[in-house]
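Following the hints, position chain B against chain A.
Spelled out, the chains give:
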Amino acid sequence: MTVGQIASAQAGTLESNDIFIRMTAAPDGKGGSIAVESIVMQQFGDDILQTIKDCLAAAGLDGVDIHANDRGALKCTIVARMEAVAARYKEARR
Amino acid sequence: MKAFRTMLFMPGNNPGMLASADSLGADSVILDIEDAVAKSEKDAARILVRHSLTDLRPQGVMCVVRINGLETPFWRDDVAAAVAGRADVVLLPKCERPDDLREISACIDAASGGGDGIRLMALVESSRGIENVSAIAASGGRLAGMLLGAEDLTAEMGARRTPEGAEIAYARGRMLMACKACGIAAVDTPFPFVTDMEGLAKDAACAAQFGFSGKALISPHHVHAVKEAFMPTEAQIAWAARVMDTAKAAERDGKGAVSLDGMMIDLPIIKRAERILQMAE
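If you read the sequences in order, they're chains A and B.
The first sequence begins at 4 in my numbering and counts up by one.
The second sequence begins at 408 in my numbering and counts up by one.
Don't read these hints as lab results, they were simulated from the structure.
Check the hints yourself; a few may be wrong.
[Stated by the list, open to error] Calculated lysine-lysine pairs in the DSSO-like style (CA-CA distance at most 27 Å, straight line):
#, chain 1, residue 1, chain 2, residue 2
1, A, 93, A, 33
2, B, 678, B, 655
3, B, 662, B, 609
4, B, 609, A, 78
5, B, 501, B, 587
6, B, 449, A, 56
7, A, 33, A, 56
8, B, 449, A, 78
9, B, 446, A, 93
10, B, 449, A, 93
11, B, 634, B, 662
12, B, 678, B, 662
13, A, 93, A, 56
14, B, 501, B, 446
15, B, 662, B, 409
So here's chain A without its partners, still in its complex pose (with noise of 0.2 Å):
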């Protein structure tokens, strides 16, 4: 990653029963956010929302935006876009 470039990925897709997942470096470096969009917000958003801040302690990640779009994801699914798009960004700061 050169000087100015932004780390970044993505996992995930926008079909059913699946979630879309894009993570980026926070702008200060610190903190980060979580944004949830799903057709099941209502239901469950509380839920996702806690599976992602689960995950992203699980992989020891902070200070990362964090976009979520959720089709009707079940938990393992969100989990495994999470572990995926985790390790992905990962790299992509190498």
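Chain B only, in chain A's frame:
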């Protein structure tokens, strides 16, 4: 052996399909990380497959993972995912020699520490693979069966693929005999003409008649027809039950040879009856 009757391919990077694995009626599902997944998505697919095996494991369905071939840089990571998810079977594509299976088996041993119970299947889909099929079938170890891959094979042969399948008759027969000689499952190639249900029924009936253990499928819509083709008829089941009753009575009475409806009941007949009853269960 019934687990090999209907083996349904599912794209390894499609969460919707993986989640429906236990509702499609197949005896086995083949979670595919090879042809069904783009190179750029291999990493995500193997992670998804691992989580699906762990968290969404279909009950009563054998879970097979088709890894990428030994000629790719992906297969070791694929094996690691299959082992971590405790797949029942690892399916090796483009298998051409016994050493291919030994390499995969060693990789499974290294990833699992041994005692994992994971079996292997060889997908034979090249002329070299067909020529070496006896040696592959006899390689023992984890090998549970072989699957014929007719699409790659006929493409390599320059043969025209037809619903009737005359172009694969030799490959079918040769693979079947090799498997039977070694007591492993022989699974027939998928029927590629997805909407030709009449052709599918004939193709599956042919595979069942030949003595294949089952058939691989590329569409969930094929499950019912293939199951039906491999299901013995009521007359066959009734005959098999009478054979077994006759054989048991003969054993009880200390008779060496008996007959039923004018037919001598000997070991091959009893084995056939047992297989029919097993398939009917």
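Checked hints:
With a CA separation close to 16 Å, the supplied pair residue 93 of chain A and residue 33 of chain A stays within the 27 Å bound. This hinted pair checks out: residue 678 of chain B and residue 655 of chain B have alpha carbons roughly 13 Å apart, not beyond 27 Å. For the suggested pair residue 662 of chain B and residue 609 of chain B, the alpha carbons sit about 41 Å apart, so the restraint of at most 27 Å is broken. At roughly 42 Å between alpha-carbon atoms, residue 609 of chain B and residue 78 of chain A are farther apart than 27 Å, so this suggested pair is violated.
Distance hint between residue 501 of chain B and residue 587 of chain B is fulfilled; the C-alpha atoms sit about 21 Å from each other, no more than 27 Å. This hinted pair checks out: residue 449 of chain B and residue 56 of chain A have alpha carbons roughly 25 Å apart, not beyond 27 Å. With a CA separation close to 15 Å, the supplied pair residue 33 of chain A and residue 56 of chain A stays within the 27 Å bound. With a CA separation close to 21 Å, the supplied pair residue 449 of chain B and residue 78 of chain A stays within the 27 Å bound.
About 19 Å separates the Cα atoms of residue 446 of chain B and residue 93 of chain A, which keeps this hinted pair within 27 Å; it holds. A distance of roughly 17 Å separates the Cα atoms of residue 449 of chain B and residue 93 of chain A; the hinted pair therefore holds under the 27 Å criterion. A hinted pair counts as satisfied when its Cα atoms are at most 27 Å apart, and residue 634 of chain B with residue 662 of chain B does not qualify at roughly 37 Å. Between residue 678 of chain B and residue 662 of chain B the alpha-carbon distance is near 18 Å, which keeps this suggested pair within the 27 Å criterion.
Distance check on the hinted pair: residue 93 of chain A and residue 56 of chain A sit about 17 Å apart at the alpha-carbon level, within 27 Å; holds. With a CA separation close to 17 Å, the supplied pair residue 501 of chain B and residue 446 of chain B stays within the 27 Å bound. For a cut-off of 27 Å, the pair hint linking residue 662 of chain B to residue 409 of chain B is broken: about 33 Å separates their Cα positions.
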